[in-house]
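Enquirer: Next come the chains, spelled out residue by residue.
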Amino acid sequence: MNPANLLIIAALFPLLSFLLLLCGGRSIGRPLSGWIATVLSALSFACSILAVIGWLSVSGARSDELYQLAGATPGASDVIRRPMLWLFNWLPLAQSSSAASNASPAFLQLGIYIDSLTVVLFATITLVALCVHVFSLKYMENDAHYPRFFAYLGLFCFSMLGLVIGATLLHIFVFWELVGLCSYLLIGFWSDRPAASRAALKAFVVNRVGDLGFLIGLGLLVWHVGNLSLPDVWGTLDASRISQHESGQWGITLGDGATISRGMLTFIGISLFAGAAGKSAQFPLHVWLPDAMEGPTPISALIHAATMVAAGVYLVARIFPILTPDARLFIAVIGCVTLTFAALVATVQRDIKQVLAWSTISQLGYMMLALGVGSWVGGLFHLVTHAFFKALLFLAAGSVIHATGHVQDLRSMGGLWRKMPITAITFLVAIAAIAGVPMFSGYFSKTMILIDAGAFASYAKQAGRSGGYLLLFALPVFIAYLTPFYMMRCWMLAFAHRPRDADLHRRAGEAPLLYGPLLALAVMSAAAGSWFGAEQMLVNATQEDTIFTRQRAATYEQFAAFDSIWPAEPPSAATDLAAASSAQREARRAGEALDSMWVTWAFAVGLGGAILLYVRGLAASQRLLRWRPAGMIHRWLLNRMYIDELYNLIVVNMTILVASVFCWIDRHIVDAIVGAAAASVRVASRAAGVADDKVVDGAVSGFADLAQDIGAAVRMPQTGRIRVYMTLLLSVLTAGVAIAAGIIFLAR
Amino acid sequence: MPVASPILGTIGLNHYLILGALLFVAGTFTILTRRNAIGILIGVEIVLNAANLNLVAFNRFAHGAAADGSVRLDGQIFALFVIVLAAAEAAVALAIFLNFYNNFSSIDVERGNTLKG
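Sequences listed follow chains B and Z, in order.
Throughout the first sequence, residue numbering follows this note's numbering, covering 31 to 778 in sequence.
Throughout the second sequence, residue numbering follows this note's numbering, covering 9 to 125 in sequence.
Misleading hints may appear alongside valid ones.
[What the hints assert, rightly or not] Here are some of the chain Z residues that sit facing chain B, going by a computed Cβ distance under 7 Å: (1) Leu40; (2) Val117; (3) Asn121.
By construction, these hints were calculated from the structure, which means they are not laboratory data.
Where is the CB? At the ideal position from N, CA and C, for every residue including glycine.
Model the full structure from these sequences, guided by the hints.
Expert: Here it is in structure tokens:
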């Protein structure tokens with residue numbers, strides 16, 4: 031079967047589950063509705079796997095033309111498949127100012143675009159979703175709104191799959207909002223908790239801030255490109271086509287001679303990135319994700335760790351070709367800031383889910399950094415591996431939380447490994463993956479990112495840029511040391527040492543439905559890096575997508591930057607291009623050297639540090655905190671660097687202030703105007719009422735009275751007595767005949 | 009052919025017409041004064057027969073006998089139709105009166121004033 035059809039079917043199964051449970055969830059009942067959702071989710075996963083197999087066996091597209099366009103040489107390992115693209119017109123548009131791409135009438139389009147990236151993400155999302163479904167069967171078994179939970183899960187899976195299959199940015203945006211809605215519904219799932227509904231609202235509002243940027247970016251793209259389909263956008267605004275005009279300005283000349291300046295292109299890129307930053311919880315807009323942990327833990331695993339928050343990374347990856355060097359640098363800096371501060375905050379959190387939430391933000395920062403420094407494959411590879419190990423971490427945490435009766439505070443746990451060995455071991459596997467222990471999945475993706483970051487920094491140094499670029503490598507490396515530390519700290523506090531709360535320890539235990547998914551995800555966390563060919567498929571994706579950018583660009587121009595690592599190797603068309611690519615290769619070697627020098631043993635340092643510090647429980651760390659500066663930093667980090675308070679102070683208070691000003695204006699000025707208008711209307715209507723009563727009604731009732739009088743008069747002879755009628759008739763007839771006879775007689 | 013009468017002299021058309029008029033007036037008077045429905049029906053029959061008399065008389069005096077001795081009977085046939093019609097009418101009227109009686113327990117036409125406006 032065609033992989034495209036399989037993927038569409040895979041996306042529709044969760045929708046079916048949603049509709050079934052939405053309409054009949056209550057009557058289907060408690061265990062059955064969950065099992066229905068789980069089976070449909072499993073079918074969706076099966077379709078995705080079949081689609082992967084089908085996709086890998088597509089061989090018809092091995093034409094030389096494609097290789098030439100992608101600038102690659104045919105090899106046995108990498109087959110360039112032609113991406114599948116279907117578009118259909120949705121809403122007609124007024125002609126854009128510079129209908130650059132073509133003269134056909136402009137439409138807002140929806141559609142389906144399938145390349146290796148889509149296929150990989152489908153497999154990832156459906157697998158994680160299946161695990162979360164199975165886990166939820168047990169985790170949510172006593173919840174009052176059990177069917178609704180699974181209905182929302184189905185809607186979410188459908189939306190997420192719809193997002194990654196979208197062929198136009200508009201399509202992506204629609205499903206983007208749908209996953210946002212699901213996130214809102216599921217964060218606030220326990221709506222009787224005020225904290226949960228507040229967190230849901232916060233997530234929604236913060237995402238709106240980012241989505242404003244997204245919408246602005248979309249609007250500008252429609253204006254300049256004429257439509258939003260990914261190939262058109264890539265082909266028209268491919269950042270590698272930026273060149274210097276005669277006027278000395280940098281920009282892209284569009285098909286009809288209009289130009290779009292480099293600054294505008296950067297602005298578009300950053301606007302779209304703002305949406306991604308909101309969804310992926312990047313630095314200024316990260317505040318919603320830690321609060322989102324108020325939702326049920328399976329939701330945290332699926333939506334707020336593995337899939338939805340990665341949608342921002344996915345979006346940036348999809349608009350990657352149009353990002354200018356400036357926009358990429360911006361993204362890299364934001365990603366770098368995010369990954370650094372989030373890891374620092376994660377180090378001191380006491381709530382097990384908060385540690386994981388901040389760790390998620392930090393890892394998303396890694397992905398953004400990767401995209402920013404041009405490591406397209408690295409960023410998305412990390413997305414895939416992170417989906418597995420972070421889902422595993424959250425589900426393991428959920429298992430702990432379920433076992434302990436909804437205790438999340440690490441300080442009251444401890445010694446749980448005896449009671450829940452499988453959870454402890456799978457958790458450890460996930461830690462190995464996130465820490466970058468060799469041969470675990472995270473090792474491959476993170477190493478790739480750090481090598482590219484190192485290459486980026488080296489390239490910047492060669493190009494004579496400032497030393498600040500070095501931070502884009504140094505900070506991620508530092509965090510690569512810190513990540514194993516805080517994750518191991520979490521594990522040590524939860525599972526190792528002696529129980530700190532005997533009562534809690536006594537309650538704890540495991541259930542097969544809970545640790546089954548953990549085992550599956552543990553296998554994936556360990557193996558997804560080197561097996562299953564995810565990396566190779568992502569490399570293929572770069573070449574597949576490049577076809578679209580190259581088909582439309584007359585010449586591929588290497589422009590003066592180090593950011594053009596995507597596609598992996600520039601074509602050797604001209605000599606200076608060859609020079610540029612050799613410089614890139616050199617930078618890459620430098621990056622590899624930096625990586626092997628600084629990063630290889632980072633996991634051991636981090637893990638070892640955490641084991642040493644927490645091997646005796648909390649005692650050592652508490653001694654450390656007695657030192658005042660450490661205590662202050664600890665409090666600062668524990669309170670999330672007071673960023674929420676800052677937002678509260680500035681944004682929320684500002685909003686309230688503005689609102690109260692407008693409230694005053696409304697109450698005292700607008701209301702006064704409205705009141706005056708109402709009073710004048712009342713006076714006028716009273717006058718009109720009097721006139722109506724006396725004049726119009728008088729005339730009408732006059733006529734009515736007249737008609738009544740006439741009627742009464744005419745009614746009088748209607749006695750109903752037939753003899754009276756007859757008498758009348760005859761007398762009139764006789765009189766008439768007499769008069770006629772008289773007239774005739776006289777006329778004679 | 010005129011018939012001679014010792015008192016009235018030759019009986020001509022006017023005699024018949026006057027008799028018809030008297031019968032008509034008598035019938036009409038009966039209709040207008042009777043409260044009993046049967047009486048009214050009798051009045052109607054008298055009025056019809058007044059008309060019949062006129063028809064027959066007009067036939068006799070308008071056409072007379074033709075030279076060859078043939079006779080035209082238009083008026084008489086009209087009169088026969090009227091008699092048949094009167095019989096039918098009496099049947100219908102009597103049925104109406106039966107219903108009337110069922111509704112009002114009487115055939116006093118003064119009681120049937122429920123159509124009064």
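Enquirer: Compare the structure with each hint and give your call.
Expert: Now the hints, each set against the structure:
Given the 7 Å rule on beta carbons, the hint for Leu40 of chain Z holds: about 5 Å separates it from the nearest Cβ of chain B. The beta carbon of Val117 of chain Z comes within 6 Å of a beta carbon in chain B, closer than 7 Å, and the hint placing it at the interface holds. For the restraint placing Asn121 of chain Z at the interface with chain B, the shortest Cβ-Cβ distance is roughly 3 Å, inside the 7 Å limit, so the hint holds.
Violation of the numbered hints given earlier is absent; every hint is satisfied by the structure.
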